[in-house]
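Enquirer: Chain by chain, the residues:
Number of protein chains: 2
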Amino acid sequence: MTTFQRIVLAQRPRGEVLASNFRLETVEVPALADGQVLVRNHFLSLDPYMRGRMSDAKSYAAPQPLDETMIGGTVGQVVESKNPKFAVGEHVAGMFGWAEMGVSDGALLRKLDVSRIPLSAYLGPVGMTGMTAWYGLNQIMQPKAGETVAVSAASGAVGSVVGQLAKLRGCRVVGIAGGKEKCDYVVNELGFDACVDYKAGNLQADLAAAAPNGIDAIFENVGGEVFDAALARTNAFARVALCGMIAGYNGADVEIKNARVLLTNRLTLRGFIVTEHMEFWPQGLTELGMLVATGKLKYRETVAPDLAAAPEAFIGLLKGKNFGKQLVKLI
Amino acid sequence: MTTFQRIVLAQRPRGEVLASNFRLETVEVPALADGQVLVRNHFLSLDPYMRGRMSDAKSYAAPQPLDETMIGGTVGQVVESKNPKFAVGEHVAGMFGWAEMGVSDGALLRKLDVSRIPLSAYLGPVGMTGMTAWYGLNQIMQPKAGETVAVSAASGAVGSVVGQLAKLRGCRVVGIAGGKEKCDYVVNELGFDACVDYKAGNLQADLAAAAPNGIDAIFENVGGEVFDAALARTNAFARVALCGMIAGYNGADVEIKNARVLLTNRLTLRGFIVTEHMEFWPQGLTELGMLVATGKLKYRETVAPDLAAAPEAFIGLLKGKNFGKQLVKLI
Numbered sequence: 001m002t003t004f005q006r007i008v009l010a011q012r013p014r015g016e017v018l019a020s021n022f023r024l025e026t027v028e029v030p031a032l033a034d035g036q037v038l039v040r041n042h043f044l045s046l047d048p049y050m051r052g053r054m055s056d057a058k059s060y061a062a063p064q065p066l067d068e069t070m071i072g073g074t075v076g077q078v079v080e081s082k083n084p085k086f087a088v089g090e091h092v093a094g095m096f097g098w099a100e101m102g103v104s105d106g107a108l109l110r111k112l113d114v115s116r117i118p119l120s121a122y123l124g125p126v127g128m129t130g131m132t133a134w135y136g137l138n139q140i141m142q143p144k145a146g147e148t149v150a151v152s153a154a155s156g157a158v159g160s161v162v163g164q165l166a167k168l169r170g171c172r173v174v175g176i177a178g179g180k181e182k183c184d185y186v187v188n189e190l191g192f193d194a195c196v197d198y199k200a201g202n203l204q205a206d207l208a209a210a211a212p213n214g215i216d217a218i219f220e221n222v223g224g225e226v227f228d229a230a231l232a233r234t235n236a237f238a239r240v241a242l243c244g245m246i247a248g249y250n251g252a253d254v255e256i257k258n259a260r261v262l263l264t265n266r267l268t269l270r271g272f273i274v275t276e277h278m279e280f281w282p283q284g285l286t287e288l289g290m291l292v293a294t295g296k297l298k299y300r301e302t303v304a305p306d307l308a309a310a311p312e313a314f315i316g317l318l319k320g321k322n323f324g325k326q327l328v329k330l331i
Numbered sequence: 001m002t003t004f005q006r007i008v009l010a011q012r013p014r015g016e017v018l019a020s021n022f023r024l025e026t027v028e029v030p031a032l033a034d035g036q037v038l039v040r041n042h043f044l045s046l047d048p049y050m051r052g053r054m055s056d057a058k059s060y061a062a063p064q065p066l067d068e069t070m071i072g073g074t075v076g077q078v079v080e081s082k083n084p085k086f087a088v089g090e091h092v093a094g095m096f097g098w099a100e101m102g103v104s105d106g107a108l109l110r111k112l113d114v115s116r117i118p119l120s121a122y123l124g125p126v127g128m129t130g131m132t133a134w135y136g137l138n139q140i141m142q143p144k145a146g147e148t149v150a151v152s153a154a155s156g157a158v159g160s161v162v163g164q165l166a167k168l169r170g171c172r173v174v175g176i177a178g179g180k181e182k183c184d185y186v187v188n189e190l191g192f193d194a195c196v197d198y199k200a201g202n203l204q205a206d207l208a209a210a211a212p213n214g215i216d217a218i219f220e221n222v223g224g225e226v227f228d229a230a231l232a233r234t235n236a237f238a239r240v241a242l243c244g245m246i247a248g249y250n251g252a253d254v255e256i257k258n259a260r261v262l263l264t265n266r267l268t269l270r271g272f273i274v275t276e277h278m279e280f281w282p283q284g285l286t287e288l289g290m291l292v293a294t295g296k297l298k299y300r301e302t303v304a305p306d307l308a309a310a311p312e313a314f315i316g317l318l319k320g321k322n323f324g325k326q327l328v329k330l331i
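These protein sequences, in sequence, are chains X and V.
One point on numbering: in the UniProt record's numbering, the residue at position 230 of the first sequence is 230, and numbering is uninterrupted.
One point on numbering: in the UniProt record's numbering, the residue at position 206 of the second sequence is 206, and numbering is uninterrupted.
Worth flagging that the hints you see were computed from the coordinates, not collected in a lab.
Note that the structure is a prediction, hence the values are computed from the model and not measured.
Check before you lean on any hint, since a few could be wrong.
The list treats identical chains as one, so a pair stands whether inside a single copy or across any two.
In silico PhoX-like pairs for lysine-lysine, Cα to Cα no more than 25 Å straight-line [what the hints assert, rightly or not]:
no.: 1; residue 1: Lys296; residue 2: Lys319
no.: 2; residue 1: Lys329; residue 2: Lys111
no.: 3; residue 1: Lys167; residue 2: Lys85
no.: 4; residue 1: Lys180; residue 2: Lys319
no.: 5; residue 1: Lys199; residue 2: Lys257
no.: 6; residue 1: Lys144; residue 2: Lys329
no.: 7; residue 1: Lys319; residue 2: Lys257
no.: 8; residue 1: Lys319; residue 2: Lys298
no.: 9; residue 1: Lys144; residue 2: Lys257
Work out the full structure: start from the sequences and follow the hints.
Expert: Right, dumping it as structure tokens:
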């Protein structure tokens, strides 16, 4: 290969993301300098945070620059190395973005053991996705055995891990997801105690039935009416890990209508970005890796077939069309 | 005295509190049983939390029963005692409610030293009011020297203490209050660095000017657009002590329109009720008492002249008509 494909941000979305916001390009494979490695990416991770980067509104991270490779986590294999720490053939995770190849000095590459854990899992339950769940559950929600935990986007890559970790802690776990198929998966395959289909039209009543003792901790991925419904069922001193507000990713305001509950139930709410808490990653990834390797942590993937399919897959992710972790196959 | 006056809740308010929700009654002074004391109340504290109790909506506390004495903190003097721990003439704080007298077994009475601290201050900066400020600041906001602290209802009984305590910690303190007179008081007498008049119509811009380095911690008493404006100016990892939402005390919904900021700025928000944290009161009241006794903590009182004036004073409190701590003189 002397060239590879990448996708750049062509224009910032106004409201909904469109395929035309992206541009597929073919670029030359660069020559390596001393200390560098060339990685052939096998999978790209698509994540809701990317929507925020596409905007130039003030946020926790600098916006994705126009005409540059879209940001993204990847896993792949070293195909050329001028760095003594990396041998050709080794598997690595990196942040090479929406691209088939990438060059690195190795500083931010993580070597991966694929003997017991599939390569793609390092973008899901044993990567940032899993760590997001782990951090929110263990550092913010801290549920005790017997407490009730609610998880929105429960069939999603993060939510599915949150709920399974909470079950391992002995909690009653209630998922919220869109549609019967996702809810069935959450209960029957992931082992949640209940799942409420927010599309069924009885969110508040169904949540009350699913959480008869109220809710002690919330992992929030969605915002909007889903979050308000969960807030309305909280017990005193409930904790909220605020991970995402996908209801607002297309630029819509996200309101908390039920703000009074924050006071009357004396809630603690914390917004977080897991990449700001790297000190927990070694412990968390070790635990998550063990759980995946031993089959105790289940996950599902939706895999787009090639890089050209990434924009549509990403747009689908923002609309909840994926099932589990959304990946793009690059090889 | 063989009779005394009290005010009971006659009916629950629908929306705004009306004077007709209350009823003034004359009742007999009861005979004391062994172990009891009779207290003549000198001052009654009026506080926003009472509005919540008047409603029978689910809340952290049981609703105020109809036809019973309105709940409330009082300070007064023992006038008769069948309890060896209390002598006639001793000053005590209690929860005797909207009433000129009260009977207690002494268990929940706190003896007061009025040699260096005025009796009424034990309902304000050296009572629950001061502890509310102390707890929110020290246990939730935890601002460091040089950080910027925002306080809504800044001229109020709680807000004024929060700001002064934050100044003693070396913070830049920005108040938010309604009207020029209150703002002048906050800056010129209480020593805040700045005060934004939310009635002036430029809340967002004025707050940006008053907090040029952003806001690191918020003490929130109001909710609604005042809170949204402060949220919009937060820095990453800002802390919010959510003490009150007086914007919603008349039954209106209180929304957080700016909920996205909770995530993008990774805020920590905690709603609290200071009476659930009694373990901090001995330390806090000692510190607050020292500050009042040495003139380092200033406070202002608005005093209604007698019990019959309490309903109108309370209605005024909910509308921000008082200035500083709202008391009712009972003797």
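Enquirer: Treating 25 Å as the Cα threshold, decide for lysine 167 and lysine 85: within, between, both or neither.
Expert: neither (40 Å within a copy, 53 Å between copies)
Enquirer: With 25 Å as the alpha-carbon cut-off, assign the pair lysine 319 and lysine 298 to within, between, both or neither.
Expert: within (23 Å within a copy, 55 Å between copies)
Enquirer: I want to check one pair: lysine 144 and lysine 257. Are their C-alpha atoms no more than 25 Å apart within a copy, between two copies, both, or neither?
Expert: neither (28 Å within a copy, 32 Å between copies)
Enquirer: Should lysine 199 paired with lysine 257 be assigned to within, between, both, or neither, using CA atoms and 25 Å as the limit?
Expert: This pair counts as both: shortest intra-copy Cα distance 19 Å, inter-copy 24 Å.
Enquirer: Cα distance capped at 25 Å. Does lysine 180 pair with lysine 319 within a copy, between copies, both, or neither?
Expert: within (16 Å within a copy, 49 Å between copies)
Enquirer: For lysine 329 and lysine 111, with the copy left unspecified, which applies at a CA distance of at most 25 Å: within, between, both, or neither?
Expert: Within one copy, since 19 Å is at most 25 Å while 73 Å is not.
Enquirer: Could you figure out if lysine 144 and lysine 329 sit no more than 25 Å apart (CA to CA) within one copy, between two copies, both or neither?
Expert: neither (39 Å within a copy, 48 Å between copies)
Enquirer: Could you place lysine 296 and lysine 319 in one of the four classes (within, between, both, neither) given a Cα distance threshold of 25 Å?
Expert: Intra 29 Å, inter 57 Å, cutoff 25 Å: neither.
Enquirer: Within a copy, between copies, both or neither: where do lysine 319 and lysine 257 come within 25 Å Cα-Cα?
Expert: both (22 Å within a copy, 22 Å between copies)
The structure is inconsistent with the numbered hints 1, 3, 6, 9, although it conforms to all the rest.
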